[in-house]
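Chain X is already provided as a structure; the job is to place chain F on it using the hints.
Chains X and F, in that order, are what the protein sequence lines are.
Take the first sequence: its position 611, counted from the start at 1, is 611 in full-length UniProt numbering, and no numbers get skipped.
Take the second sequence: its position 329, counted from the start at 1, is 329 in full-length UniProt numbering, and no numbers get skipped.
By construction, these hints were calculated from the structure, which means they are not laboratory data.
Glycine residues also receive a C-beta, built at the ideal position from the N, C-alpha and C atoms.
Hints may contain errors.
As the list claims (entries may be wrong) - Okay, the calculated bits of chain F under chain X, using three or more residues with CB under 8 Å as the criterion:
| id | stretch |
| --- | --- |
| 1 | 341-354 |
| 2 | 492-506 |
Said to hold, decoys possible - Lysine to any residue pairs mimicking SDA-like chemistry, simulated, CA-CA at most 25 Å apart:
| id | chain 1 | residue 1 | chain 2 | residue 2 |
| --- | --- | --- | --- | --- |
| 3 | X | Lys560 | F | Gly257 |
| 4 | F | Lys286 | F | Glu103 |
| 5 | X | Lys286 | X | Arg300 |
| 6 | X | Lys433 | F | Pro168 |
| 7 | X | Lys548 | F | Lys428 |
| 8 | F | Lys428 | X | Gly175 |
| 9 | X | Lys428 | F | Glu103 |
| 10 | F | Lys428 | X | Arg169 |
Protein chains: 2
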Amino acid sequence: MADINSPLENFLGEMPVTSGPLPGSRKVHVAGTLHPHIRVAMREVVLDPSAKEEPVRLYDASGPYTDAKTLIDIAAGLPPLRTPWVEARGDVERYPGRAVKPEDNGGAKSEITEFPNVVRNPLRAKPGGAGNGAVTQIAYARRGIITPEMEYVAIRENIGRAERTDQPRDGESFGAEIPDYVTAEFVRSEIARGRAIIPANINHPEAEPMIIGRNFLVKINANIGNSAVASSVAQEVEKMVWAARWGADNVMDLSTGKNIHNTREWILRNSPVPIGTVPIYQALEKVGGIAEDLNWDVYRDTLIEQAEQGVDYFTIHAGVRLAYVPLTANRVTGIVSRGGSILAKWCLSHHKENFLYTHFEEICEIMRAYDVSFSLGDGLRPGSIADANDRAQFAELETLGELTQIAWKHDCQVMVEGPGHVPMHKIKINMEKQLAECGEAPFYTLGPLTTDIAPGYDHITSGIGAAMIGWFGCAMLCYVTPKEHLGLPDRDDVKTGVITYKLAAHAADLAKGHPAAQLRDDALSRARFDFRWRDQFHLSLDPETALKYHDETLPAEGAKVAHFCSMCGPKFCSMKITQDVRDYAAKQNSPDMLEGSMLEAGMAEKSAEFRAKGSQIYLPTAD
Amino acid sequence: MADINSPLENFLGEMPVTSGPLPGSRKVHVAGTLHPHIRVAMREVVLDPSAKEEPVRLYDASGPYTDAKTLIDIAAGLPPLRTPWVEARGDVERYPGRAVKPEDNGGAKSEITEFPNVVRNPLRAKPGGAGNGAVTQIAYARRGIITPEMEYVAIRENIGRAERTDQPRDGESFGAEIPDYVTAEFVRSEIARGRAIIPANINHPEAEPMIIGRNFLVKINANIGNSAVASSVAQEVEKMVWAARWGADNVMDLSTGKNIHNTREWILRNSPVPIGTVPIYQALEKVGGIAEDLNWDVYRDTLIEQAEQGVDYFTIHAGVRLAYVPLTANRVTGIVSRGGSILAKWCLSHHKENFLYTHFEEICEIMRAYDVSFSLGDGLRPGSIADANDRAQFAELETLGELTQIAWKHDCQVMVEGPGHVPMHKIKINMEKQLAECGEAPFYTLGPLTTDIAPGYDHITSGIGAAMIGWFGCAMLCYVTPKEHLGLPDRDDVKTGVITYKLAAHAADLAKGHPAAQLRDDALSRARFDFRWRDQFHLSLDPETALKYHDETLPAEGAKVAHFCSMCGPKFCSMKITQDVRDYAAKQNSPDMLEGSMLEAGMAEKSAEFRAKGSQIYLPTAD
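With the rest of the complex left out, here is chain X:
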């Protein structure tokens, strides 16, 4: 499972997952100020000495797996980074957790071994107290408390901003309020207003805090699911490790069928990123797959089960109201959300309002006791260009806005899910309507896919929409792999999906004008211009593929330091010629040079015109 750059030196035990630094990178940690004990992980790309540049620090979701100094043992799990932070707040208690039932793993004895060090006594909020039983980041934020989690994300978000403070801001943010510098107090205020969330279940202390909100860097989510035939624990954990390695800020475990409780435990104990789930999937398993047999008790039991395990956010399709279901009857592709269709079927078969809607406040009571964030599901999202922005979709969005207010009333963190399939000209209204209806709660969209005609390439059709909606204000982009609509993604598909969404999110950060976003582009472009090939690879989102593609044409070791590349060869290399031009221009007293050449060309008139403007062309450009 280990990849070519990942010697297994830092592995303990018999269950290897991919580890080791990314090529050219090393892990560094930055200490907090308000909370000096926190150590914020990031990675640093050390450049060739010829660059005469400082190492480039990059946001890093990959966790301890890419830290050469950390020993990985998935049977032990990652260190519980946040446990002391949570316990220090004094508002939680350990209690005997819900006993695991056979149906949690699909009835039969699970083929996946139980995690060895499973926590039998999970944490939950103590009743009463200052937070009145809410241990959520929004509850603290509203009381003016800056938690270690908040300072952690402030430091993460700030990477590179100190260096950029002297430069003018660029970008079009469409009303986002992106600060020059992210203070912990800014993080607190954004969370308090509901404009950002830190998904951080108190029972998932292994996760490194991260923030999702319009005024922060655009994040991405990768979906994983259990294999139909459980091959090994390590392979199930590896899917999460692999996605995070390439930059997934969040991972959703969409497992169905058997073994899902035990598999989820292994994933959570080893995950450095927040884990989301769709609890209705497991609830449906518990009632034998019959949507009509779902009920509040089994759903509530599933929420408690997963909250105790440490799931950081739940997709809850409480907006699929009975009255909206007939609005989908004339659609080209009906209801394409699994959760949405399950609940639509339940509603119609019982002639009743969605039980997630009618029990919503009880759900809030559970969420706030563990700080599980809401991801209000868009069960009626469009599944085709023809169905985009229809009444069913927007009716549900309006209900999600109503539910956002209720969740906020209970001090719950909330984000809101969005489409789906939307042509480019209908994307912006989705963002605008979500901001308006949902009080600026973070938006979390799947793509959107901008055409239906490219199965096999829907990571790209959706990457286009994702970059755009990220620019317009979407806080997190749920990836799509090349296998979308066709089959189950394999390891390569997951990587392709993650990298595609990382570049889309980065394109959005650039366009929004995040102050330091362009540092990486600039460093890479300077490396490109200087023919520092290795620096170019190391600064790229996927150093391994960049190296591989380069070597397919020019495999010789010397080509990695050659001052030309395979596209043009030495004679035609435009960058080489540009360097000649630059050297030449530098040697000249440029106004004289220009004047001389103009006269030689017999263009005295134009020359005079240029003389008049002479000094101007050497000033920095206005653009």
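Coordinates of chain F only, in the frame set by chain X:
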């Protein structure tokens, strides 16, 4: 070279290239009205009988190679479709062409055999006459003549529009004037105004006419180049055939080094799409690769050589003016255009104005005599996010606007090239400025790439920018492959680049509101909803990959007719559940159903509100 779906049945000779219909498609031809002899090629996807739908007609750039009825022999070349049309106009003459010189193929005896049936007497305009020596489509258009080429493209562009005339228009066209129905007269008027071009050298009669303009479907271009080691003629021709097969509307031959004259001849004689070149590349070869040794005579000779062969458009970097070169000195990546850097070097070393600029009217004289279209090159395009929209780039664009007017004065067809690397928020101003500066001449951009950090994935970083600028009004998108910045694209890279750009162009067509663009999305989405797997594959841009991905998870033949897919399995299939919902909803008298359920849920108040709106939710949605 033939692919899996291409039996070589329809091949003559020993030099196979990929041929045979795309899976599920057949070639059809539609006759003209004004010019009844023309037969416009398109392809038709025949759907499963269960669909009860007419075959779906699709725009088709692939030429006779995908016609099961045509025998392909690349030593004979394609039929000279347009020769009778050209000769019927009575304004051309055959003359002894320029003799091929050794330096045309790089000095030594060419390793590529001469094309067997090379035309020794090319066509050129007769002096004088109604067109005063111009045999260009714009010259005819301005005189009110609707040529067969114009009617051909009108029929091509109209595919599906007749079926859509009853439906409301959708989209945001940013000032484009897209008609409900494309008449031949509309084509004429757009060409006369310079807002569109039909690249159609009178010496490339094999090409099927196509149009490039903001009010027509967005087109794409694929770049190919000769191999360093000339392996075989068929392999060189195959690159073009392969690109056109997957949808390249145009192909640019960017060959350098040896054998380029002979290779180009083979490509032109076999190409159903217009071929573009950058003549400065060959001119530079003729002077031993020394930019300073370039001169007007050798360049002029190269233009004539290529015009006689039939090249349909020339990239001419006449906007790289001496005065602009120093504007690039402080760029992060200087000049990244090969042509641009060659000419910059020439300008500086001679202290002279760019000789393409000073000889521009003489170039026009050549172009108009063969109807070679201008593609005014952007030699100073930005090569990094840092350099986007700078003064060097825009100064050149202003000059390209000036040159457009000169070319139009000479009755030449013109398009204008654009960037490059541009972050999303700076793309729109590129389009707006190009329209303003260049009198709405078609814009033809490379990407643009929306970030610099993803080498290995630059088909995607640029596909995002391409879709957006296509939406904003760009007429043709030059593809980028995954190997951009890293190495030479192979066969798979070319296909990936073409498909990526086809989907970007289609996303743009949808967003612009081309009346019939959505027909294909809708047909595919209906197939998806109905589990007509084969129809879904056949309607997709890449049926082979869609099938392959499907079969990786569910290889059994039965899975192609199964009413579920591998993502969810039969139990969870949202589309299956939706069908249940739909059947259910259809059986109900819906208002009663709703009313009943609301009351049951104890929500009498809301129920009353819904009753008041009762009829509304069954009307078609307003979106």
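Hint check:
no.	hint	in the structure
1	341-354	holds (count 11)
2	492-506	holds (count 6)
3	X:Lys560 with F:Gly257	23 Å, holds
4	F:Lys286 with F:Glu103	6 Å, holds
5	X:Lys286 with X:Arg300	12 Å, holds
6	X:Lys433 with F:Pro168	23 Å, holds
7	X:Lys548 with F:Lys428	34 Å, violated
8	F:Lys428 with X:Gly175	18 Å, holds
9	X:Lys428 with F:Glu103	55 Å, violated
10	F:Lys428 with X:Arg169	19 Å, holds
Violated hints for the displayed structure, listed by number in ascending order: 7 and 9.
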